[in-house]
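Based on these hints, arrange chain E on the given structure of chain Y.
2 protein chains.
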Amino acid sequence: MDLSLSLKDKTTLEKMATSLRFLCADMVQEANSGHPGVAMGLADVAVVLSHHVRLNPTNPKWLGRDRLVFSGGHASALVYALLHLWGFNVSLEDLKAFRQLHSLTPGHPEYKHTAGIEVTTGPLGQGFANAVGFAIAGKMAQDMLGNAFSHKVYCLCGDGDLQEGISYESASLAGHLGLADLIVIYDSNAITIEGDTNLAFSENVRLRFEAQGWAVLECKGHDFLDIDQALNQAQVSGKPTLIIAHTTIGKGASELEGSAKTHGAPLGAEVLKRAKEAAKWAHPPFYIPEEIKLHFSLQRGEAEEKLWTQALSQKTKEQIAHLQAKDFSKVAYPVFELGQKCATRASNGAILNAIAQSYLGFVGGSADLAPSNNTRLKERGDFLKGVCGRNLHFGIREHAMGAICNGISNYGLFVPFCATFFVFSDYLAPALRLSALMQNQVYYVFTHDSIGVGEDGATHQPIEHLSHLRAVPHFEVYRPMDAHENVLCWQVALKRGKSAAFVLSRQDLEVASCARLEQVQRGGYVLYKSTKEVQISLLSSGSEVVPCLKAASLLEEENIGVQVVSVPCFDLLLQQEQEYLNTLLVGVVLAVEASRGLEWFKFADEVLGMQSFGKSGKGADLFTYFGFSPENIASRARALL
Amino acid sequence: MDLSLSLKDKTTLEKMATSLRFLCADMVQEANSGHPGVAMGLADVAVVLSHHVRLNPTNPKWLGRDRLVFSGGHASALVYALLHLWGFNVSLEDLKAFRQLHSLTPGHPEYKHTAGIEVTTGPLGQGFANAVGFAIAGKMAQDMLGNAFSHKVYCLCGDGDLQEGISYESASLAGHLGLADLIVIYDSNAITIEGDTNLAFSENVRLRFEAQGWAVLECKGHDFLDIDQALNQAQVSGKPTLIIAHTTIGKGASELEGSAKTHGAPLGAEVLKRAKEAAKWAHPPFYIPEEIKLHFSLQRGEAEEKLWTQALSQKTKEQIAHLQAKDFSKVAYPVFELGQKCATRASNGAILNAIAQSYLGFVGGSADLAPSNNTRLKERGDFLKGVCGRNLHFGIREHAMGAICNGISNYGLFVPFCATFFVFSDYLAPALRLSALMQNQVYYVFTHDSIGVGEDGATHQPIEHLSHLRAVPHFEVYRPMDAHENVLCWQVALKRGKSAAFVLSRQDLEVASCARLEQVQRGGYVLYKSTKEVQISLLSSGSEVVPCLKAASLLEEENIGVQVVSVPCFDLLLQQEQEYLNTLLVGVVLAVEASRGLEWFKFADEVLGMQSFGKSGKGADLFTYFGFSPENIASRARALL
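Chains Y and E, in that order, give the protein sequences. Residue numbering for the first sequence follows our numbering, beginning at 226 and increasing consecutively. Residue numbering for the second sequence follows our numbering, beginning at 226 and increasing consecutively.
Pulled out of the complex, with its shape left as it was, chain Y reads as follows (with noise of 0.2 Å):
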């Protein structure tokens, strides 16, 4: 490399972190928040990071790039200035513009809004588990297309991801399928906002990550040939790799210098006045030095990237052009008749085994419960170290699951689904947050999904869990009535191409749908119309579909005219015009849903759903115990009218 540390000078080093540290202390000042001090304190760790990183600036999204996330998202002011320094496209008006609204530069980073950020970040510990994500997604790369994508994976983490648990099971996963390739740099403080990290945190950290199969080494986080030597070692440490680098919170800023008071706050300008002066740095604010902009370039990517490409197969880029299309216009769908019965998490088990067949990138896998979940691919083998099929065991970690399927959708190479109980959807909540709010395209399949689950009781039957779900913004949840609609639930997910959960039921569920396409990307669709004029619609979704057929009939015969609409997703439902849902809402209208279901009021006169928690006892005793039996269903709709 001919801009590697070696050749430069301390002087020139010094200044280079002198530079970044006091543009991010402006942006902050400026802003008037933000946060000065882990900027700070991490500079002398990125000046000898921007000399490792592979990255070209004019090209984010270069395939053979080092992934770099910064997992304390509110290290934006750094990671900002450095997309600058580095040469991607954040201006210096940019940063000027740090947190302000509609700016490039938002509070924490986000990704698709700004050039090379590969993930949003700021809730504590998901960059740890995106990284990890990331580090799956490239040894698969590897075993698909070569090594080419042997590149590194760089995190940078602070106290407060460590101390997440997401954190822990994430790292437990990657020491277990020795994932060397990823480099994991904690900015060790020792301050977090109540004050020193000893309040609350005592634990050996390299003891930790040593007992779950990580290389662990030291470096004296503002010596930069220390910080350097552990860089190369991790290179080659044959196992994922943590380096503990000794830092101190706002280095360099005066009299504040290992205050927690740098954490969440601007400086002041007096302090950074005095901080600026000991430095001997008279400059005015946001000044970078020609010198120090050309010593930051990472105009070297270019080129790099260009003999990367020019080194690939044209077989590699036949498989890489199949990965990134992402088509599934071609997958051969199992086929449910009218009358079959079939538990929707089987169907939903023979569908991702049809997608996979169609799509390669297409992978997953269940926190434990595959053989619940139906979420195995067969003929696709098992992802453990040194073994690459397409069948993740995530082990029982539902949030590290949730958090290391958004690092595989925005490696960008791949399509993957995770799985658990729909009770434990609160286990992974915080990812699932980011998959809709980052808008890529991550997969949950949620089985289990009401108090049909049964005898396991009350701590294993969802009941808020689609009102939760369906307040997320761009974010899909699917419950299908049975195995039909949920083909066809799949086809307009994957056309969306938007994260979506499936939720899915663990008892047998009779195929009565046969409804076309259009109709299901509705949201919801006429399932059933009486002859006679309709006095009343049933709403309803998934297991309490066939019930409210079965309700239709008994007030059929008492001369009521009914229809039963099905609502296959919530969410596109709301979307639809008025003039369509008019033809749904005749009547007066009955929500049934085994849920908690208040959103359901939005279309509804009056909601059956569920006021209390579950119980334990068969499936069958429980939907009629909660009033879904069709007799109770009539009745309410009858007391309705």
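Worth double-checking, as some hints may not be accurate.
If chains are identical, the list can't say which one is meant, so a pair holds when it fits in one copy or spans any two.
For lysine-lysine, the following BS3-like pairs were computed, each having C-alpha atoms within a straight-line distance of at most 27 Å [claimed, not checked]:
id, residue 1, residue 2
1, 754, 555
2, 843, 498
3, 843, 337
4, 321, 843
5, 321, 540
6, 610, 486
7, 827, 610
8, 566, 486
I should point out that these hints are in silico values taken from the structure, not numbers from a laboratory.
Just chain E now, kept in the frame of chain Y:
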């Protein structure tokens, strides 16, 4: 101890284990559903543990008892069988009704439902953290009430618990705090649902716990004396102790011994028959030899409690009575004046301190955000290793925090609160759900409650969270419009005594309410009403109420009659009779809330809410951008008329 292990011969112990094993297997077989593997695998450990635990079956709430947590709630057959054998109010008939609707023996153990169950478990990892909560509460009790509370906390857990992030978080805190009364027995059977644990889990568990400051012991899990020795050593280790018990899943289950197949399904009549033959167990199902019942009996607990109670001083008894009474009727709440500007996170901080002044069992803290959440209890000291103040430092471990508070609440002598940013309520959702399910008393303080968060941006701005938590049964969410309502909300919540969340602003809010307690008790009330006839009702909560008041002024200028309804607790409003609701819902109804808000359709014709995630920018700019300016509210209201 007159029934100590050493006095019994091995044959007796084996007979006890065999009885227990087949009792559990029979229960699962009779229910035709359940988890025999873990129960049979742990039978030998359970026999030894029966000789260590100090419990009084005739008074399951004896304060001096050991606490026993079965973190793997799927071991419920074992739990109920033990409770029966020990002499708790669980009959043989109850065992035969295992997992049936309305039985005392649901699929997973439920707090308050079955005598002797300390905490509801099933969602993995929770019980582990609950046990840490019990141990923290035990330390506090010792500090306040003396050595009478130097009981042990036992926790049985499995691979599933230890793979979940929450177990690492809570173990890290337990080690940090040096909770020496905590003894966790890890049922290490090397099997999970997908098969061998080494599919996904290969960390060095001993090293991991040592890294977190624990003592680690190992024992052969089917060798009575070895188990006993480990339990004896654990008593005196001076640290929280993990006993790794190497067991075989489904021990004694004939050819299924050691197989994942014994995990989640009955053994089947044939296998069970062969298993009993091999064990020379020629008895009908559910048979328990009389002498075995005597050996298991914990009858001694009654005498133990008597002695324990006699030794309490009068002063200690009075202190216990104070803590148990949980009397909040004498709290000297702060007073806030109309027009005063105060963030509700700030008023809440003052309220927490007022409560802590009046009730000495009020304890809590934040997940490293105390200065932001305003949760510091002044002059109450820190809870650290060897120091028993009332301010807990949970570290950046939201999930463990919630579950630890469940343990502290269930302990019986304290009322805990915990805190984080509202958006990170996602991180602790599984624990919060269990607070609701158990109907215990944990207060969740969630500050930074909307786009009002400002510059930190979309990752830090809650959108779906109100909808989520309002959909949780038996849980109440308070979102006061100002400091005055904040006080009343606490009065209501403490009177109701249920777990609840307080959703509070980061930004200053003007005190504009002079509500009375009876009004807030209703969940919602008319805050302002035009003198002219009301054509439109504006329903709102929190920081959006004052903009609604301003919108009302704008509308009145156009001669439109308006009323503004403040809804500090949506959940309570749901419980009001129609007559009262009719006084609130006059004319067309527009709900205004900076959240997803679909549940408002229960009351409103239209909702002005959030359709997307938030953005980074100044809070005031965001309120305008997303439509929560008085002008836009008035305009939306006008459009409805």
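For each hint, the structure was consulted:
Neither within a single protomer nor between protomers do residue 754 and residue 555 lie at most 27 Å apart by alpha-carbon distance, with minima of 33 Å and 61 Å respectively. With identical chains, the CA atoms of residue 843 and residue 498 are at most 27 Å apart between copies only, with a shortest distance of 25 Å across copies and 71 Å within one. Proximity of residue 843 and residue 337 under a CA criterion of 27 Å is satisfied inter-copy only: 22 Å between copies versus 47 Å inside one chain copy. Taking the shortest Cα distances, residue 321 and residue 843 sit within 27 Å of each other only across copies (15 Å), while inside one copy they are farther apart (62 Å).
In this homomeric assembly, residue 321 and residue 540 never come within 27 Å of each other (Cα to Cα): the closest approach is 46 Å inside a single copy and 64 Å across copies. Only between protomers do residue 610 and residue 486 lie at most 27 Å apart by alpha-carbon distance; the minimum there is 25 Å, versus 44 Å within a single protomer. For the identical chains of this complex, residue 827 and residue 610 are neighbours neither inside a copy (49 Å) nor across copies (52 Å), given an alpha-carbon limit of 27 Å. Proximity of residue 566 and residue 486 under a CA criterion of 27 Å is satisfied inter-copy only: 25 Å between copies versus 63 Å inside one chain copy.
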